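Those sequence lines, one after another, are chains D and F. If you count the first sequence from 1, position 236 lands on 236 in this note's numbering, and the numbers rise without skipping. Just remember that this note's numbering sits 1000 ahead of the position in the second sequence, which is counted from 1.
Source of the hints: derived by calculation from the structure; they are not laboratory data. Given the structure is predicted, the values throughout are model-derived calculations rather than measurements. Even for Gly, the Cβ is constructed at its ideal location relative to N, Cα and C. Each statement offered as a hint is correct.
Beta-carbon label-pair distances, calculated as ranges: (1) R1138(F) - R10(D): 40 to 46 Å; (2) V1183(F) - T14(D): 41 to 47 Å; (3) L1018(F) - K266(D): 14 to 20 Å; (4) T1010(F) - R10(D): 20 to 26 Å.
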Amino acid sequence: MTSLAFDLPRLLTTAPLLRARRLTKHYGAIPAVAGVDLDVYPGEVLGIVGESGSGKSTILRLLNLEEAPDTGDYTLTIDGYRGRNLFTLDRYDRRALRVRHIGIVYQNPLHGLRMHITSSGNVAERLIMAGERRFATLRNAARDALDASEFPLARMDDIPRRLSGGMQQRVQLAKAIALQPMVLLLDEPTTGLDVSVQALVLDTLKRIQRELHVATIIVSHDLGVIRTLADRVLVMRHGRVVEHGLTDQVLDDPQDAYTQQLVAAKL
Amino acid sequence: MPLLEVHNYTKRFHVHHLEREILAFEGLEFWLNPGEFMLVRGPNGVGKSTLLRCLYRTCIPTGGQALYDSLHGPVDLARAADVDIALLRRSEIGHVTQFLHPRPRVSALDLAAEPLALAGRMWEDARSEAAEWLEAFRLKRDIWHAYPATFSGGEQQKVNLVRALIRPQRLLLLDEPTASLDVATRAALIERLRELKARGVALIGVFHRDSDVVGLVDRELRLA
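All chains, please: the whole structure from these sequences, using the hints.
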């Protein structure tokens, strides 16, 4: 890693909400993620950039507890989970943690939504998993979350298959934030949307970030998206972090040879 | 202790594909007390903007120290953790650049209000204060709700100024803030800087025309 070594935080007195250490994951002989460390503070947005296959999305799947790493520590500063390596949770605790505290938006809505049940039903499902059974509460909470995601409420009973790509992403986002999670994971949330829709979704993400004060990680290969949303950024290549820093610094004064190429390649 | 004490500050850009080092500046020494204004002078390309960016940490200095006496304790801006720099940017150190990065589909008023909201103010409150600032900098009322991507350079710069000045600061870095402003707005900005200085804000500025800052300057740093 070519980033200069900075001092440890001294002025900021809050602890990171999310901390991961030595994350490592191989697929066969191929190291997808090789010894990644990261911290995200409450209310902060951490961007992860890098070419396809650099390990960005694998990191999100690990942090979403969808996949087990080969090795690594993962902690969240949340009551009931403090000091525990979350990779060692049993499947019931893992599911409870995910439902209650982690929201995720996938690039492909097929991964995040059931395409044959209504949009409001998709959002309500998350509340049902958290134990809510009253129909009126479910309906209202789903409506509120869809509204916060700026989804057109007139279409809340349409199935996702009938919605545009931008609207499908808003349903995913509503599902992700319905229970006001502590952690929000965004995997290329605007890739594949046309630019005007992308702008609107970015604006919604920015507002939600400001209002919910969650710790957010956004993976994107679009440096414009990263500049708009991220406070800090990690640059990944071949499963390793080659550079990290404040977003404007990494984009305007990149240190590593690969980051310099990446930034220079932006249109 | 001064608010800012800079020793041997040096910046070289290492350009990998050229396998070259490019020197921006070397061995700078200066200090600044609260309420002082330092003018940075020198011809194009001597590293004036880069110096401001190295203090704001958009660029990483390659040598030296910038000891800053923050409200949270003393810190070296050259070495501080990214999250500490982010904290200082939210609460103490501002940077006025020559360019606005307008975001698609975000109105001028919302862009101007955003820094206050991020600093913890209620959204409607932040918007009404932003409106006062846009008024003071004479941005036409009928474009407050329009998207700045289509604005003229001067109009964009007004939004940019409000974004940078709307938050309380202790150290303000000004990179040619008057460059594309009309006379009246320039006067409004200078008046605003005078007030900030009187309130104890330290300012470091690069100005194209010295006449803009007559009577404000306490010391000069000449780069060559």
